[in-house]
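K.L.:
Under the working numbering, the letters of the sequence shown match residues 1 to 410, in that order.
Keep in mind that the hints are not guaranteed to be accurate.
[What the hints assert, rightly or not] Per label pair, the in silico range of CB-to-CB distance:
#1 163 with 190: 24 to 32 Å
#2 352 with 160: 37 to 45 Å
#3 376 with 41: 38 to 46 Å
#4 219 with 357: 22 to 30 Å
#5 219 with 162: 14 to 22 Å
For the record, the hints were derived by calculation from the structure and aren't laboratory data. Using N, Cα and C, we set each Cβ at its ideal position, and we do this for glycine too.
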Amino acid sequence: MGKQLLAGSCQSGVRVDGDFHCLLVGDRSPVGQNLELMLRQRCDALRVDYWFPCEAGGVVVPDWLKYDLVLIGGPASGTDDLSWLPENRHAGVDFPLVVVLADPGKVSQTAVWAGADLSLLPGVSGDELSARIEALLKVAGTLKRYPLLLPDWRMLEVLHNSDNAVVFLACNRQGEHAVIKRFKFRLEAGSRGQAELVHDLQPLLALSDPRLVRLEQVGFVDGVPYLLMEYLDGYTLKYLLSEVEPLPVRLGWFREICRGLVLIHAAGILHRDLKTSNIIVRADGMPVLLDFGLESRLLTDIGFLGANEIYCTPFYVSPERIGGEPASRQSDLYALGVILYELLVGEKPFDGGELLDILQQHVFNPVPVLPPDYEAFQPLLNALLAKLPENRPVDAEVVLTWLGRLAPAL
């Protein structure tokens, strides 16, 4: 895959002339030759120059604007002292990407914060090298279009890019990772919109529970709002649904999802977009709710979205939301019912190729009948997927109680 990624960058023409121009900085050792070979195997349009600062008798600064990538290949190349790199540069915007091959630990971290964009081990494989460079190229291209300069953080990867926001994986000087969500609109400095946004997000900043992603900071850069959130290492529930897990494991996930929903509802927050791709299951098996209402709340607050407009995923939207009614706890519980069906059956209760078809099924089709092995869950599923919100459980606490009563029958 790495070969295809870097090749794609070259073929798309990172530079106007279609070439991908790389500066290899290093000593006269096999390291540089191996690096050039790996790059040439992955990019037919590659142009390579060599620079040996230790032999220059005084640093002769290259013409940086000629290059897309600066690859520093060995300890004799000045890895410990990158003072020759310009300060306040913007990688991919007015300066090439800088990748250093360095030993792990402090040397690696020092290299990055001295001016490199990425540090890799000297023995990195060609596939990993090209994949990581491609990730940085994507970050640079995204930041060129949607700038976000946070001095304490470096963007490593674009995790998601939607119509309204771009999500980055980032790293700080301590080597800690976080997720940064940068929105694609501006709010005037000192405006009522900025003040209301910070006020409205205070309950989310106060939430702390292993079932909920931690929102650590709300900020603005040149009027652009951004959110800094905990980075979770795990798999989405959507991905894990493709695996065959025992029923107790799946029910355990569902129970913790319910408990997470109890917490955010108790804080006066609606999720508004509960779905399997917004749930990460950590290595310890705990499912964590992501993105609970953040984007739709922002878009509503700034007037981009009306309170009665739908902003959610069609597979999980409740009938009343399709009819234009505002989000509620009961619309969150409807989405919870869809997730319950997915956990039991492995597919969505209402599916189809066309958006209109899916929405019509939510409104008109009866609740699907569960397989005989899961018939004990049918009454709960019927309640969660009831067409009228008043016929659904009052809250997620009721769902937890219902699950408790089902346990002896399983």
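K.L.:
Give a verdict on every hint.
P.N.:
Quick rundown of the hints versus the structure:
1. The hint said 24 to 32 Å for the Cβ distance between residue 163 and residue 190, and at roughly 27 Å that hint holds.
2. Between residue 352 and residue 160 the beta carbons are some 25 Å apart, a value that contradicts the proposed interval 37 to 45 Å.
3. Distance hint check: the CB atoms of residue 376 and residue 41 are about 57 Å apart, inconsistent with the given range 38 to 46 Å.
4. For residue 219 and residue 357, the hinted distance range of 22 to 30 Å is not satisfied, since their beta carbons lie about 42 Å from each other.
5. At roughly 20 Å, the beta carbons of residue 219 and residue 162 sit within the given window of 14 to 22 Å.
Violated hints, in rising order: 2, 3 and 4; the structure is consistent with all others.
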